[in-house]
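Asker: Listed here are the chains, written in short residue letters.
Number of protein chains: 2
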Amino acid sequence: MERNGHTLPNGNDGEPKGQTTWKQAQNGTGSSSSSKVATASDDEWTILERVVRVLAEEGYLGPTIDQKPVVEFEYPEDLKKLIHFPMDDPKPSSADTIERIVRQVLHYSVRTGHRNFHNQLFAGVDPYGLTGSWITEALNTSQYTFEVGPTFTLIEDAVIEKCLQLFGFGEGDGILCPGGSMSNMYAMVAARYRMVPNVKSTGVTNLPEPLVVFTSEDAHYSITKGVHWLGIGLDNLVKVKTDHRGRMIPQELEASIESVLASGRKPFFVNATAGTTVLGAFDDFQQLADICERYGLWLHIDACLGGTAILSQRHRHLLRGTNRAQSLAWNPHKTLGAPLQCSVFLVKERGLLHECNAAKADYLFQQDKFYDISYDTGDKSVQCGRKVDAFKFWLMYKARGQQGLEALVDNAFDCAGMLHAEVIRRDGFRLVLEEYQYTNISFWYVPSWLRVAKPEQETPEWWQRLYTVTADIKERMVKRGTVLVGYVPLLHKGIGNFFRMVVTCHPRPSYASMMFIIDEIERVGEELPRAV
Amino acid sequence: MERNGHTLPNGNDGEPKGQTTWKQAQNGTGSSSSSKVATASDDEWTILERVVRVLAEEGYLGPTIDQKPVVEFEYPEDLKKLIHFPMDDPKPSSADTIERIVRQVLHYSVRTGHRNFHNQLFAGVDPYGLTGSWITEALNTSQYTFEVGPTFTLIEDAVIEKCLQLFGFGEGDGILCPGGSMSNMYAMVAARYRMVPNVKSTGVTNLPEPLVVFTSEDAHYSITKGVHWLGIGLDNLVKVKTDHRGRMIPQELEASIESVLASGRKPFFVNATAGTTVLGAFDDFQQLADICERYGLWLHIDACLGGTAILSQRHRHLLRGTNRAQSLAWNPHKTLGAPLQCSVFLVKERGLLHECNAAKADYLFQQDKFYDISYDTGDKSVQCGRKVDAFKFWLMYKARGQQGLEALVDNAFDCAGMLHAEVIRRDGFRLVLEEYQYTNISFWYVPSWLRVAKPEQETPEWWQRLYTVTADIKERMVKRGTVLVGYVPLLHKGIGNFFRMVVTCHPRPSYASMMFIIDEIERVGEELPRAV
Numbered sequence: 016m017e018r019n020g021h022t023l024p025n026g027n028d029g030e031p032k033g034q035t036t037w038k039q040a041q042n043g044t045g046s047s048s049s050s051k052v053a054t055a056s057d058d059e060w061t062i063l064e065r066v067v068r069v070l071a072e073e074g075y076l077g078p079t080i081d082q083k084p085v086v087e088f089e090y091p092e093d094l095k096k097l098i099h100f101p102m103d104d105p106k107p108s109s110a111d112t113i114e115r116i117v118r119q120v121l122h123y124s125v126r127t128g129h130r131n132f133h134n135q136l137f138a139g140v141d142p143y144g145l146t147g148s149w150i151t152e153a154l155n156t157s158q159y160t161f162e163v164g165p166t167f168t169l170i171e172d173a174v175i176e177k178c179l180q181l182f183g184f185g186e187g188d189g190i191l192c193p194g195g196s197m198s199n200m201y202a203m204v205a206a207r208y209r210m211v212p213n214v215k216s217t218g219v220t221n222l223p224e225p226l227v228v229f230t231s232e233d234a235h236y237s238i239t240k241g242v243h244w245l246g247i248g249l250d251n252l253v254k255v256k257t258d259h260r261g262r263m264i265p266q267e268l269e270a271s272i273e274s275v276l277a278s279g280r281k282p283f284f285v286n287a288t289a290g291t292t293v294l295g296a297f298d299d300f301q302q303l304a305d306i307c308e309r310y311g312l313w314l315h316i317d318a319c320l321g322g323t324a325i326l327s328q329r330h331r332h333l334l335r336g337t338n339r340a341q342s343l344a345w346n347p348h349k350t351l352g353a354p355l356q357c358s359v360f361l362v363k364e365r366g367l368l369h370e371c372n373a374a375k376a377d378y379l380f381q382q383d384k385f386y387d388i389s390y391d392t393g394d395k396s397v398q399c400g401r402k403v404d405a406f407k408f409w410l411m412y413k414a415r416g417q418q419g420l421e422a423l424v425d426n427a428f429d430c431a432g433m434l435h436a437e438v439i440r441r442d443g444f445r446l447v448l449e450e451y452q453y454t455n456i457s458f459w460y461v462p463s464w465l466r467v468a469k470p471e472q473e474t475p476e477w478w479q480r481l482y483t484v485t486a487d488i489k490e491r492m493v494k495r496g497t498v499l500v501g502y503v504p505l506l507h508k509g510i511g512n513f514f515r516m517v518v519t520c521h522p523r524p525s526y527a528s529m530m531f532i533i534d535e536i537e538r539v540g541e542e543l544p545r546a547v
Numbered sequence: 016m017e018r019n020g021h022t023l024p025n026g027n028d029g030e031p032k033g034q035t036t037w038k039q040a041q042n043g044t045g046s047s048s049s050s051k052v053a054t055a056s057d058d059e060w061t062i063l064e065r066v067v068r069v070l071a072e073e074g075y076l077g078p079t080i081d082q083k084p085v086v087e088f089e090y091p092e093d094l095k096k097l098i099h100f101p102m103d104d105p106k107p108s109s110a111d112t113i114e115r116i117v118r119q120v121l122h123y124s125v126r127t128g129h130r131n132f133h134n135q136l137f138a139g140v141d142p143y144g145l146t147g148s149w150i151t152e153a154l155n156t157s158q159y160t161f162e163v164g165p166t167f168t169l170i171e172d173a174v175i176e177k178c179l180q181l182f183g184f185g186e187g188d189g190i191l192c193p194g195g196s197m198s199n200m201y202a203m204v205a206a207r208y209r210m211v212p213n214v215k216s217t218g219v220t221n222l223p224e225p226l227v228v229f230t231s232e233d234a235h236y237s238i239t240k241g242v243h244w245l246g247i248g249l250d251n252l253v254k255v256k257t258d259h260r261g262r263m264i265p266q267e268l269e270a271s272i273e274s275v276l277a278s279g280r281k282p283f284f285v286n287a288t289a290g291t292t293v294l295g296a297f298d299d300f301q302q303l304a305d306i307c308e309r310y311g312l313w314l315h316i317d318a319c320l321g322g323t324a325i326l327s328q329r330h331r332h333l334l335r336g337t338n339r340a341q342s343l344a345w346n347p348h349k350t351l352g353a354p355l356q357c358s359v360f361l362v363k364e365r366g367l368l369h370e371c372n373a374a375k376a377d378y379l380f381q382q383d384k385f386y387d388i389s390y391d392t393g394d395k396s397v398q399c400g401r402k403v404d405a406f407k408f409w410l411m412y413k414a415r416g417q418q419g420l421e422a423l424v425d426n427a428f429d430c431a432g433m434l435h436a437e438v439i440r441r442d443g444f445r446l447v448l449e450e451y452q453y454t455n456i457s458f459w460y461v462p463s464w465l466r467v468a469k470p471e472q473e474t475p476e477w478w479q480r481l482y483t484v485t486a487d488i489k490e491r492m493v494k495r496g497t498v499l500v501g502y503v504p505l506l507h508k509g510i511g512n513f514f515r516m517v518v519t520c521h522p523r524p525s526y527a528s529m530m531f532i533i534d535e536i537e538r539v540g541e542e543l544p545r546a547v
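Protein sequences, first through last, are from chains A and B.
First residue of the first sequence: 16, per this note's numbering; consecutive thereafter.
First residue of the second sequence: 16, per this note's numbering; consecutive thereafter.
No lab work stands behind these hints, which were simulated from the structure alone.
Keep in mind that the hints are not guaranteed to be accurate.
For chains that are exact copies, the list does not tell them apart, and a pair is met inside one copy or across any two.
Derived pair list, reagent style SDA-like, types lysine to any residue, alpha-carbon separation capped at 20 Å [unchecked claim]:
1. Lys281 x Asn221
2. Lys177 x Asp299
3. Lys375 x Leu249
4. Lys281 x Thr217
5. Lys83 x Leu543
6. Lys254 x Gly432
7. Lys96 x Asp172
8. Lys177 x Arg365
9. Lys375 x Leu465
10. Lys95 x Ala422
11. Lys375 x Glu89
12. Lys96 x Asp377
13. Lys469 x Glu437
14. Lys256 x Asp377
15. Lys384 x Lys494
16. Lys106 x Glu476
17. Lys106 x Lys469
18. Lys384 x Asp93
19. Lys508 x Gly279
20. Lys106 x Glu176
21. Lys177 x Arg65
22. Lys254 x Asp429
23. Lys177 x Asp104
Note that this is a predicted model, so its numbers are computed, not measured.
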């Protein structure tokens, strides 16, 4: 198993040891008694085994979570009466009390691993991902020096290497960070540094021309937040119009750039989107790249949601042109099911991340270490301590292989397709958008009593009624605990509430699970009182 | 157990069920067989139970990790030969293969839970904290709306409430975020927003006077990184001189402010430190607050390291005056032993975080929800999806009570005191700083062959030799796998490498564990060849 003569201490034959307790396992014997006197410290650790058993009993460590409601909803003020949240007891609790508290928390938490949870861009976890995250938590280290994270440093390198290859980024670089909003900020900071070399020293206060960022009106709001944080200012953020499918209109981008130039400001950054939050739209990266090249702008692709399509030979065409971007963000913690948080930021220019972000703290990144300090990757980061997020995705990949991941992604797309077809087929359901690109399917349900014979009867009041009905169906489903599916408006397109189903890889969706959602929406919609 | 007639499904009597497997537990029976046909999905989940057993066998789930080396060091290029890091296999792996890979990763990872790990500001995890983090990972949700995190929303509120009370922040507000660097950026962003109300729209590009940040030369480098990211620019960061103990000199701050005012720039933010990274120094918050009040500046306290002293009645005097700051950052994931990441940011002015950071995304923060949307706290954050970090600390507190946490903190301080006394007592050891404030103890070991009779023999060459000896002792200890303790220089004070021991709460240190470190440093130091 090991080369170079290394052997693993306490190695076993690769088989789990059956019915030994953890403590027996820790003593390395598997026998039923231990001569070691239990210390206080020993005792404390027993809570972990106990709680893991509770998690299993409550269905959180397997597919049986589906036998419970997706949520046992309580209003905030009521929930405060059911669980004692304040931290006001100076004394320790018994293990029984802790178990009781844990059971309460599990009982009233949302079961995102339930097959009827489709409320967000993430849902259940990949079991291998969860395994990886439990290991990471138990090993508790930080991702900044090889010294304290030798394995995790090389694992993060492998993840970045793989992602660079998947998205056509060649010899680039990257970093795992705590989410897509951070990734998008990394992109703007890197672009600004490339565009204004002295910006690290001077800041943006004394620039002759304000820097301007472009994104689409359907893009994620993290660009807005980032523009604020980075001192660019929302006046210098241009939201480019999208077509009816939610894709940035290239001609509109070009017109916006010209207009900004005419106003004496400096365009520097275009955020394109692969998989918009609501409609799942993919911008046309080739066309946007042409424009960015013409004007010398940095092209960033926010593929936090849609990047997962890269794993599928059938669907990766959606990402054609990512190789022409200067940076890209992808969150395996969304539809792919890596546990939160797992977000990858990639940049085409190797060395830029370090050059841009380094602060050279000599207490951490000592220059006289006895190993090659190019493996101390922490100074690429804006963070100091940084949680290990790469390992869970690496283990998912090792366990499933690219073929296994591809099968999961294809299944999610297939199920989204079934759902889409069923919405078309079934009376009373109505698509918001005929076409779909990713696994977001958007629709309304029109209860039979609200259906009209002629289009002209769909007055503004009728639409308002439908928007209210949508929110009401959601409320009832939450309170029944049957289905959690999000509703959203698209106000800039003049559209009110509609259901946005996001089909994720985990828990593995099926034809039956899709039909259950549709059936339930129909059932609840028909139960609504006419006078909503 | 439950009020309002609620009962928990699958409740048990509060006792662990002994030798049932998780699958039996999931089926709710505890019996030895299940008629349910295993699905592919069932099979996948078995990896989790298997790997947890491996973690236990390898000592990661208990105090027996001390029986292993703190690290089995391999150079990066050698480690790449021992573990196959690349993600290049398209096919799935068997469970045996996964177990083998996991064992390899565990074998070559640094055992931060080992009693001889003192290399960083964190070390082992609190078992209750780890329990909390495993639950969080299994429940996989995001901290932005009550809808998908009802329990975790109220738990985060409780943690913030507790921290506000501990630090004298009254009716303030706060947020958990992915680390101290982020917390410090939150502070600067909030202060800037308060100082320049239009900054969200205008950015800092068109300000008549550049904004200036003050921090001490011993403060953490995250202030530098934040100043860069936020567009303020390093030219507008003033590093105020510290005294020999590493504390910001108030008179120097005042002089710096005057000098910045004279240069036509606008001071707005002072970062004070509670527990500096190297020397563990605490600034004098009362004096700094007086100055900030006089000049109308925002006082932020970076208590990421030293905030833990608030839990101790004996040591909280170090934090006197925190109630006068406008914001504060504390990382329970450092010496207190909450698993990475767990960082709390507090702000005195309630409502400011939301006002400052909100982007009002209507797809997530719908205004027509059926519950009180003030519980949707996500728009206070610069992140969108946000990992649940509050629960692990909440569970630690629930389990130990404040008394239990206090005992841990006091023990760490006591052990630091013992170490300090031993360094004074023992021949060849030498303190960098006579006084200490937090649990950082800084010293050199002078091997007997390097000792000199008279102070004048301690020439610059002699000191250089000692700095090299320090790094060499560390290298040898790493390669022996006995002790991991950091060495650091303090270049701005003209001091080269010395050992910085950080005494943490977990694994619980003792007189014996402190003595082992000292003994080992002495042993290795004496073994060094004279001609280093």
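Asker: Each hint should be assessed against the structure and marked as holding or not.
Answerer: Now the hints, each set against the structure:
1. Taking the shortest alpha-carbon separations for Lys281 and Asn221, both the intra-copy value of 13 Å and the inter-copy value of 13 Å come in at or below 20 Å.
2. For the homomeric pair Lys177 and Asp299, neither the shortest alpha-carbon distance inside one copy (24 Å) nor that between copies (49 Å) is at most 20 Å.
3. Taking identical chains as interchangeable, the C-alpha atoms of Lys375 and Leu249 lie at most 20 Å apart only when they sit on different chains, with a minimum of 14 Å there against 32 Å within one chain.
4. For the homomeric pair Lys281 and Thr217, the shortest alpha-carbon distances inside one copy (17 Å) and between copies (14 Å) are both at most 20 Å.
5. Taking CA atoms no more than 20 Å apart as the test, Lys83 paired with Leu543 passes in neither setting, with 24 Å inside one copy and 64 Å between copies.
6. Taking the shortest Cα distances, Lys254 and Gly432 never come within 20 Å of each other, neither inside one copy (30 Å) nor across copies (59 Å).
7. For a Cα distance limit of 20 Å, the shortest separation of Lys96 from Asp172 across copies, 15 Å, qualifies, whereas the shortest one inside one copy, 48 Å, does not.
8. Within a single copy, Lys177 and Arg365 get their C-alpha atoms as close as 15 Å, which meets the 20 Å cut-off; across copies the closest is 44 Å, which misses it.
9. In this homomeric assembly, Lys375 and Leu465 never come within 20 Å of each other (Cα to Cα): the closest approach is 65 Å inside a single copy and 31 Å across copies.
10. Taking identical chains as interchangeable, the C-alpha atoms of Lys95 and Ala422 are never at most 20 Å apart, the minima being 43 Å within one chain and 29 Å between chains.
11. Neither within a single protomer nor between protomers do Lys375 and Glu89 lie at most 20 Å apart by alpha-carbon distance, with minima of 50 Å and 25 Å respectively.
12. Neither within a single protomer nor between protomers do Lys96 and Asp377 lie at most 20 Å apart by alpha-carbon distance, with minima of 51 Å and 30 Å respectively.
13. Taking CA atoms no more than 20 Å apart as the test, Lys469 paired with Glu437 passes in neither setting, with 23 Å inside one copy and 90 Å between copies.
14. Proximity of Lys256 to Asp377 under the C-alpha cut-off of 20 Å is restricted to the inter-copy arrangement: shortest distance 18 Å between copies versus 47 Å within a copy.
15. For a Cα distance limit of 20 Å, the shortest separation of Lys384 from Lys494 across copies, 13 Å, qualifies, whereas the shortest one inside one copy, 59 Å, does not.
16. For the homomeric pair Lys106 and Glu476, neither the shortest alpha-carbon distance inside one copy (59 Å) nor that between copies (55 Å) is at most 20 Å.
17. Taking the closest pair of Cα atoms, Lys106 and Lys469 never come within 20 Å of each other, the shortest separation being 69 Å inside a single copy and 55 Å across copies.
18. Taking the shortest alpha-carbon separations for Lys384 and Asp93, only the inter-copy value of 17 Å comes in at or below 20 Å, while the best intra-copy value is 57 Å.
19. Neither within a single protomer nor between protomers do Lys508 and Gly279 lie at most 20 Å apart by alpha-carbon distance, with minima of 30 Å and 47 Å respectively.
20. Proximity of Lys106 and Glu176 under a CA criterion of 20 Å is satisfied inter-copy only: 18 Å between copies versus 49 Å inside one chain copy.
21. Taking identical chains as interchangeable, the C-alpha atoms of Lys177 and Arg65 are never at most 20 Å apart, the minima being 38 Å within one chain and 27 Å between chains.
22. Taking the shortest alpha-carbon separations for Lys254 and Asp429, neither the intra-copy value of 33 Å nor the inter-copy value of 58 Å comes in at or below 20 Å.
23. When the C-alpha separation of Lys177 and Asp104 is checked against a cutoff of 20 Å, the pair qualifies only between copies, where the shortest distance is 11 Å, while the shortest distance within a copy is 49 Å.
Hints 2, 5, 6, 9, 10, 11, 12, 13, 16, 17, 19, 21, 22, counting from the list given before, are not met by this structure.
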